[in-house]
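Chemist: In case you want the letters, here they are:
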Amino acid sequence: MATIRKFIKVALAGNPNVGKSVIFNNLTGSRQHVGNWPGKTVDKKEGFHRYKDKEIYIVDLPGTYSLTALSVEEVIAREYIIYEKPDVVINIVDASNLERNLYLTLQLMELGAKIVVALNKMDLAEKEGLIIDVDRLENELGIPIIPTVAPKKIGLDKLIKKTVEVAESHKYSGKIIRYPSEIEKYIRLLESIISETEIKRIYRVRWVAVKLLENDSDVIEKISKVEGGEKVLEKLSEIRRDIENKLGDPEILIADARYELIKDIISKTVKGVKKLTASDLIDHAILDKYLGIPIFLTILWWMFQFAFIGSAPFCDFLGDLFVYIGTSLEGLTGIPYIDYLLFGEYGIIQGLGAILSFVPLIMMLYFALALFEDSGYMSRAAFVMDRPMKKLGLSGRTIVPMIMGLGCNVPAIYATRIIPDERDRLVAILTNPLITCGARLVLFSAIAAAFFGPFAGDAVLSLYLLGYVMVFLVAIVLRNTILRGRPSPFVIEFPVYQKPSFKVAVVRMWDRGSLFFKKAGSVILIGLLVIGLLTITDASTFMFTDNPETSIISAIGRFFQPIFVPLGWDWRLIVAAIFGFVAKEIVLGASAMLYGVGEAEIADMMASMYDPIDIFGYLTFIQLYIPCIVTIAAIKQETGSWRWTIFAVVYGIILAYIVNWLVLIIGHGIFG
Amino acid sequence: MKIVYPVTIVISFLYILYGLIQVYNGFVEWWLPWTGLEKIQLGVKLAGTYIPNSFPEPFSGIFLIVIGLVFLKATYLYFKRDEKYRGYLLVGWILAIMMLVLNVVVILADILDTYYPLLWGEEVEEGWTLAGDAWGIAPHLVIGVIASPIYFAVKDLIRELIPG
Amino acid sequence: MTPLGYLPECRSGVIIYIRGGRGLVRRLMDMGLTLGTLIHMIKSSGPGPILIEVRGSRIALGRGIAMKIFVKEV
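Chains as they are written, first to last, in our numbering: chain A, 1 to 672; chain B, 673 to 836; chain C, 837 to 910.
In short, the hints are calculated from the structure, not lab data.
Here the structure is a predicted model, which is why all the values come from computation and not from measurement.
Treat each hint with caution, since some may be false.
As the list claims (entries may be wrong) - Calculated lysine-lysine pairs in the DSBU-like style (CA-CA distance at most 35 angstroms, straight line):
hint	chain 1	residue 1	chain 2	residue 2
1	C	LYS908	A	LYS390
2	A	LYS45	A	LYS152
3	A	LYS271	B	LYS827
4	A	LYS263	C	LYS908
5	A	LYS289	B	LYS756
6	B	LYS752	A	LYS499
7	A	LYS271	B	LYS711
The following block holds chain A by itself, in its conformation from the complex:
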């Protein structure tokens, strides 16, 4: 075994959509791990790459256009570079978008990081008619530039080799960004004041000076806590006033200066003019005034048919598999308590199976979504849907989780990360459970078929519509009351379209799918265990019973019955609803057990016992009330607060109760 002589720490930084993830995946392969940045809901990807006798630890920083303090991604990126001090920062730059990409490059240089630029998408730049003089660019910036074509792994070896070289050398040759002399003199003034304090031990002096002039709130706050910082800040306001009187807003001046510098560099290093690209042509069709939304809906429908029908055999297979395992292990331990709990028809193994049989569906959905994300279509979808969504108080990007909710609310809630505005995001998270997920569809279809005959389809459809209508109503209410705020500015970049990578889609599908699997598995297991115990324990003797009518859970149901009298429920429906709290998939099976019949007969049995309108009301309650516990866990994780999670649960139950009651009143009023 070779001795590892050196451990090199590298960070990947760059604009969104430049191919950073592809490079990260190519370098780390299976030696990667996806987690969260501590305390934030932003993905953290880290991994390892072996180069000769060196281990390179790579962190994929969130994609950012800049390094201000305005977004959590930018703060994460720059704090990592400042405090974790990576040996090298690999700045991935999109060659077909050089002008804007260099804006970040300049800021990284100012931070003082040792940079190696990966000039990616060289093939695309070429196709677009651009000719880049890489050597000249290297000279102008003073940092190494390695052209790459990420999907074909071109240039990656050279990139790593150069990175190691730079990491091990002690020189830093990056040019210092010189601003126009009028501003430079103020920067130097600030620099000299800062150098007299302790600040210089922690941060790069020049970077602090520039950031202070840019009114960076994060830097200002940090400086105020360092010895000597107060004095610096005092002097700063003096300087800022001076600049504003003589030259104008310092922030704008500095940004302009950067862009001027970039323009100058570009004029010396890039030749050629961009032609009308295939991407533009596609966009004219995709964003067509009349066909844009229909095309979007078509693609959506496609994704769902693909995911639902394509995964069906795997879902059925998994479901049957667990039934098989459960039934063949029946009576294994000889202890009725454990046997029933674990292997019984409504026990843990089969309950787990019912839920895990959903995993193929979710994987397929994620796969289809990843394909469209990778192709570049998703941003267009958000664009096309933004206006109709705005009318309903939601942002355009909310459409993605709203659609994913049709498969399962859990991944949908994770998907709300793509919504940049915190309030928009919260609204999206809180309203998502109202969307009919796949589990509810199964339940509704079975019951509707027994109760409503040929109109079953309509009944189920109306439940879907009810869900969406409620989403919009609740969103509007939230947006006008507790989550009041101006809708965030809609600014989104359209990356060039590209053929989506199968590999990338599979990786993403696996990442997210297995996350769901682990979460769901653990949470549901506990839930099943609890209600399983409650169902087989006699309420009075606390001994095993295989008669659910005498169990603790039925006692609970009977206890709450008075509350549900206006809704026409009996204790069995309450118990079924409690089961539904754990997972909607098991409601049918649980009801069957409570009535002592098989799952195939339960629907018909219920048809003979309940009034269709009452049952429809019950279904509307199931549609709107608290989501399953996995969803609750997801809400807690993505909002980071118990307050909002409890709110989601409580308002759901109340809303469901009211709507159920209204349905009964209106229904019986019309039909008697």
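We have chain A; now place chains B and C onto it with these hints.
Modeler: Positioned in the frame of chain A, the structure of chains B and C alone reads:
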């Protein structure tokens, strides 16, 4: 590309026609079962079913119509000598291929779904048949095949989209 | 000078003024929209966000923001 416009007109017409048929069939099956109206099938009778099989689903029909409209607009722009027609042609082709693939996936999934119990030695009572399949060989597959040669008209654009 | 929202398709304009709070201006600057930048209007027909080309990349902006950016047509 003088060959383009007659072909795209035909393709667009086919998508819209079968789309309408599916919508009609869907209405009849889902919402008007009491009227006793008959569903429409326009195709070759083979293996106990029609090819293409216009299965009754209004949403499927609506989206077929959308594809037809995309091809229609491509034709319209071509006549107006507007370069932008190529974008619509490409998008139309991509959607057509997507539907074709979907149809194939549906059939494969149905077959898998029928025969997987064999994995643990269980008997399969009712085998899979084309006639018994919910989709069968639907317009998605048939018209998709007809539309696939459009590839040659948009080949260069596709090449631009492939990395490297 | 006209608001960006009124710039006709396929025409270009230079940004001469941005009316907005610090956050908005900063955000736009980061994306490359600064004073003096050349913008090419790709799509603005119909309601909803507009699509522009700036510094070689394509950016979609909400109409509200587009009305806060003032350009001089060239």
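Chemist: Please go over all the hints and tell whether each is borne out by the structure.
Modeler: Do the hints match the structure? See the list:
| no. | hint | result |
| --- | --- | --- |
| 1 | C:LYS908 - A:LYS390 | holds, 29 angstroms |
| 2 | A:LYS45 - A:LYS152 | holds, 21 angstroms |
| 3 | A:LYS271 - B:LYS827 | holds, 27 angstroms |
| 4 | A:LYS263 - C:LYS908 | holds, 20 angstroms |
| 5 | A:LYS289 - B:LYS756 | holds, 14 angstroms |
| 6 | B:LYS752 - A:LYS499 | holds, 29 angstroms |
| 7 | A:LYS271 - B:LYS711 | violated, 62 angstroms |
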